[in-house]
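Assemble the whole structure, with the sequences as input and the hints as a guide.
Going down the list, the protein sequences come from chains A and B. My numbering puts the first residue of the first sequence at 1, with every later residue one more than the last. My numbering puts the first residue of the second sequence at 163, with every later residue one more than the last.
Just so you know, nobody snuck in bad clues.
When the alpha-carbon atoms are kept at most 16 Å apart in a straight line, the in silico EDC-like pairs for lysine to aspartate or glutamate are as follows: (1) A/Lys67 <-> B/Asp347; (2) B/Lys472 <-> A/Asp66; (3) B/Lys472 <-> A/Glu54; (4) B/Lys472 <-> A/Asp59.
Everything labelled a hint here was simulated from the structure, so no lab data went into it. Keep in mind that this is a model prediction, so the values were computed, not measured.
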Amino acid sequence: MKTHILSVLVENQAGVLARVSSLFSRRGYNIEALSVGPTENPEISRITIAVNVEGHALDQVIQQLDKLVNVIDIIELPASSSHQVELILVRVEVGSAANLEQIHALLKKYGADVVETTSSSITIQQTAHPSDIEALLRELTPFGILELTQSGVVAMGRRIDA
Amino acid sequence: MAEEMTGAQSLIRSLEHVGVDVMFGIPGGAILPAYDPIYDSKIRHILVRHEQGAGHAATGYAQVTGRVGTCIATSGPGATNLVTPIADAQMDSVPMVAITGQVPSSSIGTDAFQEADIRGITMPITKHNYLVTRAIDIPRAVAQAYHIAASGRPGTVLVDVAKDALQEKVQFQWPKEIDLPGYRDHSQPVSQAIKDAAALIAQSVRPVLYVGGGVIKANGSKELLALAELIGAPVVTTLMARGAFPDSHQLHVGMPGMHGTVAAVTSLQKADLLITLGARFDDRVTGKLSTFAPNAKVIHADIDPAEIGKNRHADVPVVGDVRLTMAQLLPALKAEFAKSQPDLTAWWKQVDGWRTTYPVGYDMPNDGSLSPQYVIERLGKISDPDTIYTAGVGQHQMWASQFISYEKPRTWLNSGGLGTMGYAVPAAMGAKVGAPDTTVWAIDGDGCFQMTNQELVTCAINNIPIKVALINNESLGMVRQWQTLFYNQRYSNTDLHSKRVPDFAKLADAMGCVGLRCERPEDVDKTIEAAMAINDQPVVVDFNVFRDAMVWPMVAAGTSNDDIMIARELAPDWDSQEL
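Here is the structure:
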């Protein structure tokens, strides 16, 4: 099983997200992450879906999605040719001054920002490629993650000058 | 020029615009504004007795006419009663539009009286659906709904209209065009796919035409006949395709699937090529999928790209209208055959062996009681080939598909995909409305009949003289058959006692129909003839039949088609033949 990123352009209408999620639920496709937002065209929204399926099943997901009347276009964005970004807010326990120093070193390494500090915790914001997010979280885990909120991935195809 | 009217008037005007001539429904609070203009409309509204009947009637109408069927109901329970026929029609790709009233838009989401989120409920069982909360949006929703229901792979569309949108005043304006940026037309097949298909057929020595309901939907029977005769291959017609190809034709080897003929099932198993036309490799056809047609390459022609490769890999996918596909395949294939045409003699020798050794048959009961298969067989023999048959779901449905010879498309209506008990009577009503000059027989079981028979009242009152052949074995017969075969004859809750209660002839009489009863084989023909002679009233014939009759052949659920049984614990004697 492999994660595929689908960028789905839909008509900006009530109920469209329900149609898409209902389809995934009905057909038994597993959504890893999903994010919805506006595009440059106010009549069109973009749903970015990370779905974990085999190659043959991916084709089925795309064909079934394409049958939804409000779905305008579906593009698979391979990791090699797209920009993929995820956002997290993570609150980490600060047990000691030594820990705080180590956390700050990590933040510097990953280029993450601090949005809040208290005597017992530090809250970090990071926007990065999903694999970098995963690495950062792995390194923060030993300190004690108190709270985590994570967006789904958003993505866009790369463009290169001809 | 724009004309001022209420949303309700605009709704009915829109239905007239798309050519609706009949609809089946029941009024209620939220849809009430729409019923006022119906009173003046040229659209015939048939007041049914249960919304489920409205939905199946619209389906029956659509199946015989090829046009979009329409049903209409109020909010809440009216709408939820439509859920079964909506799912049924969608599964069988029947073009149908359901119009429902909704509580006023200001009340939506408040759990108001008779509120149900029918758009949300029907999302997974419709091709598309709408919730309309402004009068100005009604004509566009109706125009789009009928376009979506009828085009591509047909299906069901629901239009839910809030009561205040029906009451609001609006300038009526019919949309100039249908703007659906995400709705693609896949009707035109790609020419390379046609060439590839022709090349593959020209190499095949054991081909089978696997014909599904899509051929009927696409009105492709003429092209199918030409294609089959050109290739000279065996043709199998699925439960949804019965009548797409004449049963009496020499190339026709029967229905495939769980209760298909040995010849149809086995020719698919032994084929080197499946020429799949508007069929979807349903589990009831394939049996255990991994063992289905193991040596066959697959040409899969379907208008729905999502069907390609869904269950079975297609070596040559041909996305397009199946009638156009066949029409274009004919010249391409003639060109291939001009170079070389494979000799199918050896293949036919095998297929004919299965066909002659294992015809579909049945045993007469030893106790002199009436054989259900005999009743259905006689009905088919006595009726003329234009007769339209509907069936419920279960043993009687399978026998009706096995023992009646279907010669024309749109003469066999049943609930194939969803398997909806209670389909036959209301579907027959809709079929008779769509084809008033044709005899319509509902072949129904006593279980099914007791789910929806109240529509006979609708038929009696509205001069819709359908005929019902009630195959009364006082059981949920197919379930009982499975209990016999797989549950040690422990008949848990399948005995309906319906030879005792109700008295179906009296019930028919009470509903304004003629009720007849037949209990002996020698009375079958004259009872059918008596029913045939009545054309001004619905007729119900209660055929009291042998309750232990079973449907054979049978491929047990989840097993391989290779394990087809021709009777209880009796497999075909493969060794005796040159296989």
